[in-house]
Structures are given as structure tokens and as C-alpha cells.
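Peer 1: The residues making up each chain are set out below.
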Amino acid sequence: MAQPASAERRRGEQFPASAKTTVTLHINGVDRNLALAPWTTLLDALRLHLDLTGTKKGCDHGQCGACTVLIDGRRVLSCLTLAVMADGAVTTIEGLVQEGTLHPLQQAFIDHDAFQCGYCTPGQICSAVGLINEGKAHSADEIRELMSGNICRCGAYPNILASIEEVMAKAAARSGDKGR
Amino acid sequence: MNNFAYTRATDVADAVRLAADAGAKFVAGGTNLIDLMKEDVVRPSRLIDITHLPLDKVEDTADGGLRIGALVRNSDLAYHPQIETRYPLLASAILAGASPQLRNMATTGGNLLQRTRCFYFYDTTTPCNKRAPGSGCPAIAGINRMHAILGTSEQCIAVHPSDMCVALAALDARVLATGRDGPRSIAFADFHRLPGDRPDIDTNLRADEIITAIELPAKGFAKNYTYLKIRDRLSYAFALVSIAVGLVIEGGTIRESRLALGAVAHKPWRDRAAEAQLTGAPATPESFARAADSVLRDARGYGHNDFKIDLARRGIVRALAQAARGTPQSQSDKRIK
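So the protein lines, in turn, are chains Y and P. Going by the working numbering, the first residue of the first sequence is number 3, and it counts up by one from there. Going by the working numbering, the first residue of the second sequence is number 2, and it counts up by one from there.
Keep in mind that the hints were calculated from the coordinates and are not lab data. Yeah, the Cβ is synthetic: ideal placement off N, Cα and C, and Gly gets one too. Do not take every clue at face value.
To be verified - Computed footprint of chain Y on chain P; a stretch qualifies when at least three of its residues, placed anywhere within it, have a C-beta under 8 Å from a C-beta of chain Y: (1) 6-19; (2) 26-38; (3) 99-106; (4) 197-209; (5) 325-334.
To be verified - The calculated DSBU-like cross-link candidates involving lysine-lysine, where the alpha carbons are at most 35 Å apart (straight line), are: (6) Y:K172 x P:K335; (7) P:K220 x Y:K138; (8) Y:K172 x P:K26; (9) P:K338 x Y:K138; (10) Y:K22 x P:K58; (11) P:K335 x Y:K59; (12) P:K335 x Y:K138; (13) Y:K22 x P:K26; (14) P:K335 x P:K58; (15) P:K39 x Y:K22; (16) P:K224 x P:K335; (17) P:K39 x Y:K138; (18) P:K39 x Y:K59; (19) P:K58 x Y:K59; (20) P:K58 x Y:K138; (21) Y:K22 x Y:K59; (22) P:K26 x Y:K59.
Next comes chain P alone, as it looks inside the complex (with noise of 0.2 Å):
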């Protein structure tokens, strides 16, 4: 780890002041930038230490939903009686990913903004356009089992990593930022970037801004929903794909729809188009294979990650049948039924 200096912000314009360093970064849950840090990876003039901040709490909002404050760590998050009730998709997508430890630890705005886990992006002695931009990306003609199938560019396929993040998008929720310029809110679906030509830059928010927190709208998806997560060992590990699905069921048709995958692209990957597509559609395994295609329509594997098209497609069918039949995936009893 490189030597930083160590600052504590008083409250939220403080830590904005202090952002004006270009070296300086923001720690809360610190779970994934130390280890960056380790790694050399990032490498800090300065820490801003904000978990002293008045963001823990969750909140009713005036339309009905609720609003997570960005210090609120992943683990209360997913036990709080009103997610736990209202918004299960969130908690069981929660549950899904890291250990207790890091649940402990990680919150709700750095969740969102975590690296991706491309070993090429964590290996220094490597080139990694997302790293060290223009260095090119050994990736796509190398390793790349764990990386993405949907919205790549010719400068990387890495994906984001996050559980949470892929139940934030079906649900809609908005992402409440402060800056130089004041409090703005962003939907989720423009939070995340796809790489494009610039890699290097995962997120939209902008670097004197600080996440204060994350609203949900009220519709939470209780009755039907599922997050399904395959991975390569059953717990404590990243997702190969996982897939976030709330539907609202009304005899035997699909009503709403949301649909959502992780660990396929550089961002959570929600399909309107597909979403559109179950819409009004009878909730059969037919309906689900339409939109599994749909979703894949465009999807892209790179030697090792072509199982992925294939996993995504059987997943979200799987998923889907969850949602619809009101038994979501339990995150203990690993059997996917």
C-alpha cells in the first residue's frame, strides 16, 4: 500500500471540499478499495474518511417508497424488516454476494461503486485499458471465463461485479448524489457506463461528488420475484450470471415485468425491451424463452465465456419460472428448482 494522509469529513459539503484534491478518495466499508490499495491498483494521495457522516439511516419517502442512506451497510440493509417485507428482491440479492464479514463492513453507496474483479484489471504487471488507459486489453484474447457477453467494446469486457446493484436496476430505484453543484438524483439505469472508449471510467458520478443515497420507488415486487446467482462454488463467490426478476402476476398473465442480469456486462444489465415483450404475455416457459432470446439477441462470448449465453439464456427461463411461481431462490438451500 502507498503511503496517503488520512482525513475525516465533518459532514457532506466537507468531504465535497475536500474531494477537490484529485489524489484524494473516499473510504466507508473500505472492503474493496484497501485491497485495491494492496494490489497497487489505486493509489491515493489522500483518504477522505466518511463513516462519520450522517447517512445511516432508512427512510419513508413522500411517495411511498424509501430511502437507504449510503453509509447503511450491506448486512443491516438486508435484514431491515422493511426490505426484508417490501422489497425481498433487494434483500435476497444482498445475501448473495460476499461473506458476512464484508456484509458487515460494505455499504450501500461504495457497493455501487466497486471495481471490477478482472484479474487483468487486478494484475498490475499486465495491460488493462481500464487501468492504464491505452494500454490495451489482454482479456479479450485471453482468460476471460468470468467476463461479459453483453455491451463490450474493443477496449474491454470486464463486468460489474455487484449482487445489489443488479436488484437496484429492476427495481428502479435512483441514486441521490451531492456535489459542487448541489443534490442531484440519477436513475440507476445512468449510473453505471458501458466501456465504450473509455474504460477507465466505471460510473457517471462525477468526481467532487459523494453518494448520499439510494431511493426506492414503492413497487417492490414482494409476492413474485426471484435473484438467481450461478456461480462456481455455492457461496462466497462472484456470479458467472445472476439474474433479478419481479413480475406482478394477475391470472395467469404478466402484468409488469422487470429483468435484470449481473456479471454480463460492464453494468447491470436491465432489458426494457424484453420487460416490454413479457408485458401482457401469458406467464409460460414459452413467454420466458422469448425473452431469454431477446435479452441475448446481441450477446457476444469471447472463447472461455461462451457458456455464458448459453447459462444466461437457461437462467433467465429458470428465473423467471421462480418469479412466477412465487418460490424464489433461497440463498441457503442451494438447489435451484
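Chain Y extracted, bound-state conformation (with noise of 0.2 Å):
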């Protein structure tokens, strides 16, 4: 994905300790314009600058996945990420939802009953679009250890790997009707 042209920029550019400083965050598709301080994370901004709140902040310490966020497609860590540092495409559960319809993971979440309280779900998701990006999973056991980042205190384990076996399962099915 093409770097967006505020990185380039905001090259050199230097913020002092009191200020704060006008910061454009590309969130699910849209351009915003914030004025933050330079210590505000990605997950503070999402949740109280932008009133996206499905993005959650479980330990704010980068040791339960709660807050995974994909920046260009990669899933990262919105509570470790400084906002005046996020440069790429950030999407949010928010931006999954594409024209009203459910992205496959959130449908296959609901489908597998892959939750109790749902606090984890959306950095669970998201972990989960960034874990087929990556292509690096290709049985169960590589389905669980690439999703080792995302912690689940129900204990949802069993149907969250379901629903993305199945997701990554139908996925493979339908490459292969194209390659026919």
C-alpha cells in the first residue's frame, strides 16, 4: 500500500514536550485530522478523540491483544503505537464491515458462538484478518500459535479456531474455483 503523502510530510518535523500538534490518522478509509499530544497511543485516539470504541483497551501493555489494530493490512498494536508514529492505512472492526455486510471472520464469529463477554472479540478479529494476510497458518496447531497474541479470559479457544479454520477453509475453496 502506498505510503500516504502526510509521512512524507511530516519527515523532520519536530513537536515540542507541552504542545499539542495536528496529527492525520488515516482510519478505515477516511482522513482524520486530530490535535493530540505526541504520548497519546493509536488506542487512546481511536477510543476517546474518535469515539471508536470497539477497539479495546484490555492491559494497555501489549500482553492480551485486546487492542490489535491492522495498519496496512498488518496486525499490530494499537496500545504500543504512538498516534503521531501511525502513518499507514489503520483499520479498525469498525472498517471491516463492508457495504452494511459482515466481514467472513465476524459472521464466523457469530456463527461458532466464538465469544462470551466479546471484550477480546474485536482484537481477536482483527488479529485473525492480519493472521490470513500473513498466509503463514496452514493447520491447527499454526492457527493457535499465531494467534497466541490475542488472550481470551473466557476461554473461548475451541470456537475461535473454528471460525477461522472455516473462514480460511472457504477462502481456499473459492481460489480454487478461480484456478479451474
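Two chains, two frames, some hints: make the complex.
Peer 2: Listed below in C-alpha cells is the structure:
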């Protein structure tokens, strides 16, 4: 994905400790200009400044995965990302819906009852989108290992795994169809 | 988190110039630094964002090795075709560490500079010679299950937490750094320090220096290697003990050997005496046991971590056997064979 023009514009810029500065975030396909302090995390920018509360604050220390979002299609932790450094295109759970239709992983999580309290779910789903984009998981063991950054305190792991396996299998079947 | 100023470095020279400010810190992946700032363990007056420097390439070197830019993300490195095929020990060690999200963020240079996860270091309400020099070390007589058994001092028994660095130590990597005096190359064994009486200093990198790259020599031990990481849960946990092995075996005899341990010392623990002992020896359990005894000859437990000595001994023997068989530890199938 192309670097947004603002990354080039902001290169070499200096923000003093006292001042807020205008940061342009590219969230779910929309440019959002915010006045932020350098120490505002992407997570707090999303939740407190943009009312995008789908992304959850769990541990706030990079240990639970609840805050997982996608930047340029890669899953990252928004709690350990400074908003001022977030140059790429950010996709949150709110941005996965396309024209009113749930993302296949969102639908699969519902179909498989892949959550109880739901707090970790947005992070689980964004992480699973990243996992599928990466294309490195080819077995249940590999899915488990590569989803290990997302903790589910309710223990919905078997159904989370089933959801991801189903979406991966459907995607594989579709690409097989195209190949014929 | 304390308030800080933020600057984007435009090139390496600019970054070095900005680093003259003693309160400034470089930030790239931020996976450790931002966390330490949230805990008030580190309170920089300025962050120098180096993520726009052109240090994100993996390139061939003239002597047949690879040069890895300091900003190459851990996941990109682990899945790089050259690393997967020529240096699978490094790929395996990277994939044994952290989580996919953290590996997508964390950089090669930053991995070297991550701080210990000693909970006394992290807890600003307790003394810690690494965080507050001279305040004392509560770990020595405290809860020290995760702590060091080799190379400790009366000041500090913290361990270096990296998996990637254990493989880099075994592979005899070099660290390229640039400072006010220009570029230099540091042998991996000389990069990290033992605590001694200055546990507050983790590495021999100078304050004005920035890591620009890691260089791997041509030899990757791609046939006989393993990275065996033993931890409290199956994934996403720091090691209790980890072992990186690279061997060259001809006709059942070890012709060359590399052996490094993680989570046992203040730095990745490579033991050249044990490697020398293995070289020329038959690839048998007896040779592996002698090497393990040699590595642990001066090991010392501090109570809660006494078990690490026996765990390391068994782990070394198992890792050498895995490497000799050509059956490296899988990082997704967790059964240790």
C-alpha cells in the first residue's frame, strides 16, 4: 500500500513536549485530523478522540491483544503505537464491515459462538484478519500458535479456532474455483 | 507516561546529531520502550522517531553473508526467504518470541536493545540497581524464578529476554553502529555486557550511537540446528531456558559447533569452551552431556531459580540431539522430541 502523503510531509518535523499537534490518521478509509500530544497512543486516539470504541483496552501493555488493529493490513497493537507515528492506513473492527455486510470472520464468530463476554473479540477478529493476510498458518496448531497474542479470559479458544478454520477453508475453496 | 517532545530523524547523521541530547531516546517499533514509559521506568524528554531512516533492507554481503537493516521488522526477517533457507536457526528463534502483533512491530535493532523483564526492574516502588544504581537488588534474596544462573554479580541477577539474540550469538553475527566518530562493527559477543558493578548499562553501544544493521557470516548451520525454548506456557511467554545450537557433522563426528543459551544470564550466553569440547567429538549423548556440564560448571542458583541449572543441562543435551538428528524443534508443534 502506498505511503500516505502526510508521512512525507511530517518527516523531520518536531513537536515540543508541551504542545499538541495536528496528526492526520487514516482510519477505515477516512482521513481524520486530530490535535494530539505526542504521548497519545493510537488506542487512546481511537477510543477517546474518535469514539471508535470497538477497539478495546485490555492490559494496555502489549500482553493481551485486545487492542489489535490493522495498519496497512498488518496486525499491530494500538496500545504500544504512538498516534503520531501511525502513518499507514488503520483498519479497526468498525472498518471491517463492507456495505452493511459483516466481514466473513465477524459472521463466523457469530455462527460459531466464538465469544462469551466479547471484550477480546474485536482484537481476536482483527488479529485473525492479519493472520489470514500473512498466509503462514496451514494447520490447527499453526493457527493456535499464530493467534497466541490474543488472550480470551472466557476461554472461547476452540470456537475461535473453528471460526478461523472455516473462513480459511472457504477462501481456499474460492481460490480453487478461480484456478479451474 | 511522562510528557516528551517528538522528532522525526531525517537520516542517520540527523539521528546521531539528535542523540547528543542526553534525555532523548530513539524509538522504532516501540514494543518495549513505550511499555517502559507507561511504567515510568524510562522517562525520556524526547523521542527520536527513526522509522523513516532507510535501514529496512536485507542485502547480500561481499563475503557471502547477509546484512540485515536495523529497521527490518522481526516478522519480515523470520519469513524472509534467505533467512528461512540459509539461517533457519534465526527464523526459528524469532518465531519463538513474543506474538505475531509484536513481531510485526518490533525491529531487528530494537530487539537487541530491549530491557530485562525482571519484575523488580519494572516495579518502580522497589529498589533496583539497574533502574536506580546503588539502590540494591531485591531479586537476589527475593522472587527470582526467572533470573540468571550464569555471569551474575552481587549487584544484579537479571537476564536478557531476547530469543533472537541467542541465535545471533550462536551465528557469530556482528552489529554495525554509527556514532559521532563514524561507523564501527561490534562482534555480537562484545555487544551485550555482564552486570558487574554497572548493571545499569546493558550494552557496549555508546550513547551517541545508533544500530544500523546486523551482519551474518556466510555459515548458517541450516542442516543441523535447533532453537529449543522452554517456558511456563506453550506460547507467548519469556523463556525459562532457551538453547540455540548449530552443528556441522561428518560421518557421526562433530566438525563444528555453536552453542548459546538464553534466559540464563545478563547477555546471550555463548560458551566457546563447550563448543571446542564438542568439536571433533562423536555426536553422542555422552558428548552432549559433557558439553552441558561444561556450560554449567560455574552455574549458581538463587533459590527459586535453582531448577534452571538442571533444566538447562537437560535442555542442552536435548537441543544438541535435535540438531545432530536434523530434527529442529517446531515452533508450532510444541512437543519436545
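Peer 1: Does Y:K138 sit within 35 Å of P:K58, going by the straight-line distance between their CA atoms?
Peer 2: holds, 21 Å
Peer 1: Decide if the proposed pair is consistent with the structure: P:K338 and Y:K138, CA atoms, cutoff 35 Å inclusive.
Peer 2: holds, 23 Å
Peer 1: Are the Cα atoms of Y:K22 and Y:K59 separated by 35 Å or less?
Peer 2: Holds - the C-alpha atoms of Y:K59 and Y:K22 are around 23 Å apart, at most 35 Å.
Peer 1: Quickly compare the C-alpha distance for Y:K22 and P:K58 to 35 Å and report which way the hint goes.
Peer 2: Distance ~34 Å between Y:K22 and P:K58 Cα, so the pair holds.
Peer 1: Is the straight-line distance between the alpha-carbon of Y:K22 and that of P:K26 35 Å or less?
Peer 2: Roughly 20 Å separates the two Cα atoms, so the pair holds.
Peer 1: Given the hint that P:K335 pairs with Y:K59, test it: the Cα-Cα distance must not exceed 35 Å.
Peer 2: Holds, at about 30 Å.
Peer 1: Taking 35 Å as the top limit, are the C-alpha atoms of Y:K172 and P:K26 close enough?
Peer 2: It is violated: about 47 Å lies between the C-alpha atoms, which goes past 35 Å.
Peer 1: Taking 35 Å as the top limit, are the C-alpha atoms of Y:K172 and P:K335 close enough?
Peer 2: holds, 28 Å
Peer 1: Does Y:K138 sit within 35 Å of P:K335, going by the straight-line distance between their CA atoms?
Peer 2: OK: P:K335 and Y:K138 at ~17 Å, within 35 Å.
Peer 1: Checking one constraint from the list: CA of P:K224 to CA of P:K335, max 35 Å. Satisfied?
Peer 2: OK: P:K224 and P:K335 at ~21 Å, within 35 Å.
Peer 1: Are there at least three residues in the region 6-19 of chain P whose beta carbon sits under 8 Å from a beta carbon of chain Y?
Peer 2: holds (count 7)
Peer 1: Given the hint that P:K39 pairs with Y:K22, test it: the Cα-Cα distance must not exceed 35 Å.
Peer 2: holds, 19 Å
Hint compliance for this structure: hints 4, 8 are not met, and every other hint is.
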